[in-house]
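Asker: Sequence:
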Amino acid sequence: MTHPDDEILLSGLTAFGRHGVYDHEREDGQEFTVDLRLRLSLADAAASDDVADTVHYGELADRVVAVITGEPVNLIETLADRIAVVALSDDRVDAVSVTVHKPSAPIPHTFSDVSVTLHRSRGEVG
Numbered sequence: 005m006t007h008p009d010d011e012i013l014l015s016g017l018t019a020f021g022r023h024g025v026y027d028h029e030r031e032d033g034q035e036f037t038v039d040l041r042l043r044l045s046l047a048d049a050a051a052s053d054d055v056a057d058t059v060h061y062g063e064l065a066d067r068v069v070a071v072i073t074g075e076p077v078n079l080i081e082t083l084a085d086r087i088a089v090v091a092l093s094d095d096r097v098d099a100v101s102v103t104v105h106k107p108s109a110p111i112p113h114t115f116s117d118v119s120v121t122l123h124r125s126r127g128e129v130g
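Per this note's numbering, residue 5 is the first one in the sequence shown, and the count goes up by one each step.
Read the hints as simulated data drawn from the structure, not as lab findings. Where hints are given, some of them may not hold.
As the list claims (entries may be wrong) - Ranges between beta-carbon positions, derived for each pair:
no. : residue 1 : residue 2 : range
1   : F115      : T73       : 18 to 26 Å
2   : N78       : L13       : 23 to 31 Å
3   : D39       : D9        : 15 to 23 Å
4   : V118      : D66       : 20 to 28 Å
5   : E63       : G127      : 19 to 27 Å
6   : F20       : S52       : 32 to 40 Å
Note that the Cβ used here is the ideal one computed from N, Cα and C, for glycine as well.
With the hints as extra help, turn the sequences into a complete structure.
Answerer: As structure tokens, this is what we get:
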């Protein structure tokens, strides 16, 4: 029996990137924080107690950090979509929600965070 509504949540993954529309964002860079919610069945992993039967979240974190620290993009919407593609590259993942936080965004007002969240399912990306 599968349970496609099971979830793995990886939150607060932070890395330094050079994303943004403005030249100073590309030059100076800033920290970005990502939250991922993967929907997939965890029944096989629960039964076998074997990491090979689930998404290895340490390896996933490495791949997401590579996107954050990699090729700069203008929009965090684009960054979130690239991260969704990475998460959905594991065939066991049915859907993913990705939130990218940009707490140092160039906004001339006091604020604590700005973020975008997107939701993607298998077949919608890649």
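Asker: Determine for every hint whether it applies to the structure shown.
Answerer: Hints and how they fare:
1. F115 x T73: 18 to 26 Å: holds, 24 Å
2. N78 x L13: 23 to 31 Å: Check passed, 28 Å falls within 23 to 31 Å.
3. D39 x D9: 15 to 23 Å: This hint holds: roughly 18 Å between Cβ atoms.
4. V118 x D66: 20 to 28 Å: Between V118 and D66, where Cβ atoms are some 26 Å apart, the hint holds.
5. E63 x G127: 19 to 27 Å: holds, 23 Å
6. F20 x S52: 32 to 40 Å: holds, 37 Å
Violated hints: none; the structure is consistent with every hint.
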